[in-house]
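Following the hints, put chain B in place on chain Y, whose structure we already have.
Number of protein chains: 2
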Amino acid sequence: MWWDEQNEETRDNYRRMVDEGRLEFIGGGWSMNDEASAHYTAIIDNMSWGWKFLEDTFGTCGRPKIGWQIDPFGHSREQAAIFAEMGMDGLFFARLDYRDKTKRKNEQTMEMLWRANPRLGAKSEIFTGALYNHYSPPPGFCFDLLCSDVIIDNPNSPDYNVISKVSDLIKWAEDEAKAFKTNHVMITMGNDFNYQDAHVWYKNLDKLIRYVNAEQASGSRVNLFYSTPSCYLKGLNDAGVTWPTKTDDFFPYASDPHAYWTGYFISRPTFKGYIRSSNAMLQAVKQMSSLAPAAGSLEAELNLMREALGINQHHDAVTGTAKQHVTDDYYRILHNANVAGWKIFEAAANSASAVNGAPKLAYSPCPRLNISECAFTESTTSGNFIITVYNPLGRPQSPLIVFPVVALENGSPPTYVITDPEGNTVPHDVFPLPQPILVLPGRNSNAEYQVHFVARDLPPVGFASYHVSVSTARKNRVKREVKLKVNRSKKQGFVFENDFYVITLDSATGHVSSIERKDQPGISASVRQEFMFYNGMRGFNQNFSDRASGAYIFRPESQAPLTMRDQLDVSFVAGDVLTEIRAYTEDWASHVIRFRSDSEVLESEWIAGPIPIDDGVGKELISRFVTDIRNGAKFYTDSNGKLTEPRTRDYRPTFELGDDTEAVSRNYYPVLSRSYIRDEDQSDPNLSRQLTILTDRAQGGGSIVDGALELMVHRRLLYDDAFGVGEALNESAFGTGLVARGLHKFILTSVSNAAKLYRAEEVKDIMRPLYAFAPTSLSAKKWLTGYATKVSALKAPLPENVNLMTLEPWRDGRLLMRLEHMFEPGEDAVLSNSAPIELLDILAAPVLSIRETDLSGSQVAPVKMKWDYEGKADKEDESLNDDIEKGVITLRPSEIRTFVVTLA
Amino acid sequence: MWWDEQNEETRDNYRRMVDEGRLEFIGGGWSMNDEASAHYTAIIDNMSWGWKFLEDTFGTCGRPKIGWQIDPFGHSREQAAIFAEMGMDGLFFARLDYRDKTKRKNEQTMEMLWRANPRLGAKSEIFTGALYNHYSPPPGFCFDLLCSDVIIDNPNSPDYNVISKVSDLIKWAEDEAKAFKTNHVMITMGNDFNYQDAHVWYKNLDKLIRYVNAEQASGSRVNLFYSTPSCYLKGLNDAGVTWPTKTDDFFPYASDPHAYWTGYFISRPTFKGYIRSSNAMLQAVKQMSSLAPAAGSLEAELNLMREALGINQHHDAVTGTAKQHVTDDYYRILHNANVAGWKIFEAAANSASAVNGAPKLAYSPCPRLNISECAFTESTTSGNFIITVYNPLGRPQSPLIVFPVVALENGSPPTYVITDPEGNTVPHDVFPLPQPILVLPGRNSNAEYQVHFVARDLPPVGFASYHVSVSTARKNRVKREVKLKVNRSKKQGFVFENDFYVITLDSATGHVSSIERKDQPGISASVRQEFMFYNGMRGFNQNFSDRASGAYIFRPESQAPLTMRDQLDVSFVAGDVLTEIRAYTEDWASHVIRFRSDSEVLESEWIAGPIPIDDGVGKELISRFVTDIRNGAKFYTDSNGKLTEPRTRDYRPTFELGDDTEAVSRNYYPVLSRSYIRDEDQSDPNLSRQLTILTDRAQGGGSIVDGALELMVHRRLLYDDAFGVGEALNESAFGTGLVARGLHKFILTSVSNAAKLYRAEEVKDIMRPLYAFAPTSLSAKKWLTGYATKVSALKAPLPENVNLMTLEPWRDGRLLMRLEHMFEPGEDAVLSNSAPIELLDILAAPVLSIRETDLSGSQVAPVKMKWDYEGKADKEDESLNDDIEKGVITLRPSEIRTFVVTLA
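For the record, the sequence lines run as chains Y and B. Using UniProt numbering, count along the first sequence one by one with no gaps and you end on 904. Using UniProt numbering, count along the second sequence one by one with no gaps and you end on 904.
In isolation and in its complexed conformation, chain Y is listed as follows (with noise of 0.2 Å):
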C-alpha cells in the first residue's frame, strides 16, 4: 500500500538504496509467518507471494538474503528448512527458552548452522542467530515516539547526558560481544510499531554513532555503524570461524519459569480451523487457476485468496493472539477469500464439464457445513442437482461428501437417488443429526437430517460430478440413532467392528476401552478416549509466578487435567456407508467416533464448547487417548505438518530442563497434523503398536503421561497473560461461548505400517476435495451425455509417496508446480526410498518448457554463503541423474524441489 502511494521520485530514491544494497528487504514473506501454527504449505505460499511481489517490484537486489523471524514464538525446523531451501543464507531470530539463550550465551553457541533436513545436505542447512536482546535497543537506547530516551548534546542542557550514553552504549558492546565468537556485534534498533515518525530514530543514532566512534580516538575498540543483517552475515561468513550445528527445533519456548508458550498453539481453534479449510482450498484453487483458463482469468480473486492467507499466517493471526476485533478482521479477509475461491471453482467446474455448449451450472458452495448448515440442499426437496467435487490429490481419493436435509411435512426428509459420474446409483445413508449441532447457537437451519456418500475414486487432480436426484414420493428410512444402556453392573462391553477394526465400548461407562486390529494379529490395544480439562490460571502477571494462563501461554492451575462424567450417554447410528458412536460427555463436550466400512482411519469428529466460566475459571478442553502403549515418555509431533519431532517428556536435547513446575505445558507441543505413541520396545516392527492422531488444524499437545497421548481442542479464559493482547482469550459469539467443531483421525497399527497410513491420510487434508452444488433440470441419463462428468490433469497418478504439492499461475503465463517426497527417511521401508518420476509421463498436457529454481520460485538461482560447522562431511552433496527437461526427475526422501513449467 505504501508503494503504491508513492510518487516516482521516492521510488527511485527507494530503488536506488536497494540497488546499492543500502536498503534491504529481510523475511520479505506476505507476513512473517509463525512458526508453531502454520502449515508447511502456508507458509511457503506466504514466503513466495512476497518474494514474488519484492522481485517484481525491485528486481534480484529485492530479494531477500536473511530469514527475519524476530518475534515468532519458538522456530521450526521446517522453516529452517524452507529458508535454507528458498536460498537464504541466515536466519536471525529473538525467542528462544530463556534457558537455552543463557546456555548459548555462556558457551557462545548463540550462532550456529541449523542442519534442518541432513537428508538434503546443504540444501537444507542455514546460518542461524539468536538476538542478544530480543529485537529490542539496548535499555537506554530507544528513540522513538513510544519511548522516552534521546541523546543530549547540549552541553549547556541540564539534561546532558551524551558522556553516559556513550560510555553505556560501549559496555554495552563489549558485554555483548562476550556471548559471540566473532567482533561483530549486532545491535537491533528498533522495535514493535516504531518508526511511525523515523527521523527521532536516526537524529539520534546519527548522534551516537558520533560519538560512541569519536572515543576510538581515546582507545575505544567499538566501531558503529548503520549496517543491515547481509552485512552483518556478510562479517561472520568471512571470519573463518568452524560453528556449532543444531538439529532439533526451539520449541516449546518458554520466556520464564512459568510462561510457556504454548496455549498459542491452540487458541482460537475455530480461526486456526477456518484458516486450514482456507489453505486447502487455495491448493486447490491455485490448481484449477493453472489447469482452466477461465479459472486462470480470474487472477485477482486468486490473489485476494494468497495474500488473505498470507496474512492469516501471521505470528499474532494464525496464533489467535490477536484481539478480537482484530481477528474478526481476519475472518473477514477469509470469508472474501473464500468468496473469490469459489467463483474460481465455479469457473474451472464449468470449463471441466463443458460438452457441446451445455449451459453452465450455477454453483452453491455450502461454506457451512462445519455447522451442518446448507442453504441449497436444505431448500431443495424436489426435483435434481448435481454435486461437482474437485480432488487436488495426484491419486485418486474417495472421501465422504456429506450435505444436510430438512424433514418435510409428512415428517421425514426427501429421499435421494444419487448418481455418479459413470452412471451407477450409488449407496448413501440419511442419519439424525447429532444433538449438539441441533442446538448450536448461531445455526441458521433446520435442517435435522444429513445425507452422506462416498465419492469413491475420485479422478486425480480433476473434477467429478454427481447426480442427485430428490424425490419426496415415499417416506426416507433415515438410520435411527439407538441409545446404548450403560450400567455399571454389566460385564460385557458393546462391540464395534469394521474390515479393519473391533472397537469395544466398556458398558459401565460407555467409553472406548480396547481397539483391536482384525488384520494385523497381535495389534491391539487397551484405549480410552475422555475428554478432561485444565482450570487456566488466574492472575495478574504482577511477577512470574502471577502468570495467567492466556491467548499466548498455557498455564494449568494444577499439573493433572479434571475428569469430567464418568458415565457417558451413548448411542450409535449404523449405517450403509458407516456407522457412528455418538458419546456425549457434557453439554460442551461430546464426539463422534465414526468409521467408514472400508477405512483404516476412525474418526473423532468432536464438538467443544460453550465452555462454562459461570465458577469464574477459565478452562482448557482436551482430548486424552489412554493406551497401553508402553512408549517410555517418548512421542512424536511434526513440524509444521511435515517433518517429525522426536519428543520425550521432560527433556529438551540442547539443555537442561532443571526444577519447573509447569509439568505439563513444558511438555506442550504444537501438532499441525500428526502426533504418535509406539511401543518403545521395536524388535518386531510389525508388532509394536503405534496410535497416531491427525489434525485438521493446528493444536498443541503431548504424552503427559506414559501412554496417554492428548491434543487440546478448546480454550476459554478469563485473564490475559501480559504478552501484549491486553484481552483476556474469552471467545463468545449469540451470547455464550464459542463452540468448535473439528476432527481427530486415529489410526492403531503396527510401526511398520503407520508412516504409509498416516501419510496418505494427512495429505488429504491439505489436498481436501472441494465440492459444490448446483441444480440442473435434467435426468441422471441426460446430465450424463450431456456433460464430461470426470476430467483429470494426469495421465497416471503419482506414485504413492510423492505429491504433486503446488500448482499456481506463476509468471508470463507460466506455472509453478511443486513435487514433493511424502516420506522420510526411514519412515517407511519401501516409500521412504527416492522417487524417481517421470513428469512427461504424468501431467496430461503436454510440457512446453521447465525449469527448476529455489524453493520460492524465484526467477534468479542464489548463490549460497559455505559455512564451515561441527562434524560437517568432507563429501560433496549426492548429485543425482536427472534430466529435467526431459521431466526425469527424482526426488529425496522428505525433499521439496520446484519447477516452472509451461504447459501446452
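Hints are supplied without guarantee of correctness; some may be wrong.
What the hints assert, rightly or not - 30 Å max Cα-Cα, derived DSS-like pairs, lysine-lysine:
id : chain 1 : residue 1 : chain 2 : residue 2
1  : Y       : 203       : B       : 203
2  : Y       : 171       : Y       : 103
3  : Y       : 866       : Y       : 181
4  : B       : 203       : Y       : 323
5  : B       : 323       : Y       : 203
6  : Y       : 123       : Y       : 764
7  : B       : 123       : B       : 52
8  : Y       : 866       : Y       : 479
9  : B       : 790       : B       : 764
Hints are computed from structural coordinates only; laboratory data are not their basis.
For chain B alone, coordinates are given in the frame of chain Y:
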C-alpha cells in the same frame, strides 16, 4: 532549538514560506502566556522577547499579526490591550464560559471588537474571535498519531469512508457557518502534542480538501483550503460587517456547571511567588544592563533571565497546572535565572560604586530571605559589611531592609551599627523571628533573629550602599515578643497605633476588630481578618457533579468556608522602626501584622502550611477580611496587575449565570496585584471607605459576602481534576506539605485617596529594591570616601503618575524604554490626568536618538486593519502635541508608550 539545528536548505525553504505568507507566526511570545496569573510587565516582556527573535530571524514577515491564545483558561482585557498595542490585528481564543459561548453562537457574536481600553481608542482595540470547536479538529477528523481518524479512499478497503467523511465535513462547515456573521469558516486542525509526524496530518488533509471540493460540482458551497489566521481575518475584514463590541473580560472561565477554572489563580503559591520576585529582579537587571556597561556585557545572563521569565508565564507554568516534575524544572530554570541576575547585579553595583580604582566588592545575595535564611549575615558575626540596594523605581522609595542573624555564645546576637550613604547612623531593630519560621521544614539556618531598617529615599533608578559594622562587644538589646492575654471576659481591646492608623484587637479572641484612620476623620471600619478554609471537593470526574477540586478547578465541598480557632495566640513586638502583631491561628495558618511608624500601608505577612491532609481531605486556605463596608455585592480586581475590573457577585455583564451551585468559585477572580471593596454610597468620596488588599504574587478571590474580601493563599488537594495535569495538587517538601509565606498589604482609606496610595504601593512590588551583601575591611568612614555610595540614572524623579516601566538593552546598542501612566481615567482627581513629561530633563545621560515603536519594540511600525463596530465614534483619535525627538511626551491615563533610545 529546532531552528538552530536546521541546515541552510531547510532554513531557506522556511524563510521563503514565511516571506510568501504561506507560513505565518501567530502569537509569537516566548511562550503562550497565561492571562490570569501573569503580570502585565511579564506578558509584555514575554511577547516582546519572542517577537524580537522572530523579527531578527525572519525579518518583517516574521512579525505576528494575530494573537493566538487558544488554550489559556480565561482571557483578560489587559492581554487584549497588549496585543492591540503591539499592533496585532486579531486575537483568537478557545475558552470562554460555556453559557457565554452558547449565547454568542446563537447570536452570532462569537466575533467582536474588543475595546480593551476605550480611553486609548483604536490603539487598544482588537478584533477578537472565539473559536467554534475549542482548538480541535471536528470530531472524526483528528489525523494524528495520537488519534485514530483516517480518510480511506481506496474503494476496495472495508474501511472505505471518504463519502461519509466528506458529507460529515460539509455538514460541519454548514453548522459552524450558522454561528458566525460571514461566510468564512475557520476549521482548526490540530491539538496538543499533534504534528509530531506531520505527514500523517497533511496526507489526510490533502485528501479531505480534494474530495470535499469535488462536491462543488454537485452544488456544494463549501470550498476547503489551507489557510492562515491572517488570511481568515482578511476575509472578515473585507466582509464589510459591523461588529459587536466587548469591554469587560472573559473571567472566570467555566467549562461546565461544576468546573470553574478559578483554582489555578492560586495553585502553587510559592512557585507563583518565585516567578513574581524573579520578574521583579528581571526588571531591575534590565535597567542595570542598560546603564552599566560591565553589566550590559553579561548578555547571556540577561537573556537567560528573559527566557526563564518568558517560559514561566506559560499557561501551564505560572498557573501551577504542570506536573510536579515539570514544575521542579521550572524552579530550576528560575533558579538559574536568579543566579544570572545576581551576576548582573554584582557587575552593576561594582560599576556604580567604583571610585579611584577601589577594589571590587564580592557580593553575596541572600536568595532565601523569604524563609529568613542568609548564609552571609548569619556567618558574619564580627567586622564590617556593605549592603548595596538597587532601586529600579523612577522615584525614591524607602524599603525595609531585612537580614537574619544568629545568637552568639552569650545568647545574644551581635550588635550592629548601620551607616547610610551619607554617613548617618540608621535606626534599626533586632526582632526575634516568628515561631513558624523557626520550625519551617527544610530551613537550613540557625538564625533566630532578624535585623531590619529602613533604607530611606533610595535614589531613583540607582544604587545606595549601607555600611554595617558588627560587634560582639556587648549584648544586643533584642526586642521582646510580648504575649497578649486573650480573655473572653475582657471588654477592652488591645490598641496599636502609628502616625496614620489605630488598630484595635478584640481582647476576647485576638482578632483585629477595627481600624481607624487617625488622619482622615470619619474613616473607620470594623475589620476582622480571619484564616478559614474550604475542603476541596473529592471526586473522580466521571461526570460533571463528580468533579474534584484540583490544580485548575476550585470546587469547595461546601459554599461556606470552615472556620478555625476563634481564640488566637497573639503577641506583639514593638521596635523603633516598626511594630509587629503576631497572630497564630493554627500550626498551618498564621500571620504577622506589620506596620511601620511612617506608613499608610499595613502588612499581613502570612505563613500557610503544611496544610493537614490526615483526614483524607484536601484544603484551600483563605485570608478573609470581614468589614462593615457596605459594598453592595461589588468589588474590584485587577487585570494582570494593570487595568481595574469592576466585579459584581453572582453576575456577568454579557450573559445570564443561571442556576448554579458553585456560589463561591463562580465569584473568584484573578488578583495579580489589587482587590478592593468600597462603600457603595459614594455621595462623599472623602467619607466612603475603601479597603484595598495588595498581593505579592498571583492569587484569586472575591467578595463572597457583603463587606468581606477574601484571597486564597494556599491549596493542597488529593484528587486530580482531570483537565490534563494527571496529578493531584499535593505539594510536598521535606516530608510534609509545602509551606508558603507571602505578603498582603492592606490599606483602609477614603475612596478619594485610595488610588494614589495603592498605585504608588503596588508599583513598588514590581520595582522591588534588590539588595546584596559584601564584606569589607573598611570602616564606615573610609568606605564613605573610598566608594560612591549613591548613584542615580535620573536627574530628577519621574512624576508621581509615571513609571519607567522598561529600560533594557535592545538592538545594536540601543535601549528599549517604556513609560507608563500608572493611573486609569477617573481613578484619582489629579493623578488621572494626562501626564506630560520632558524626558531630557529626567534622564541623566544625554539622549542621542529616540524613536517611538509599538509596544513590542519591533522595528517596523504596524499598519493595523480598521474595523466597523457598534457605537464607533466618528471622530479621530485625539492628537497629542508631542515632540518625541526632544523628549516631550504625553502619557494619557493608563497608557504605555514604547521607545527605542540611544543614550550617551
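key: Numbers of the earlier hints that this structure fails to satisfy, in rising order   = Violated hint (a single one): 8; every other hint is consistent with the structure.
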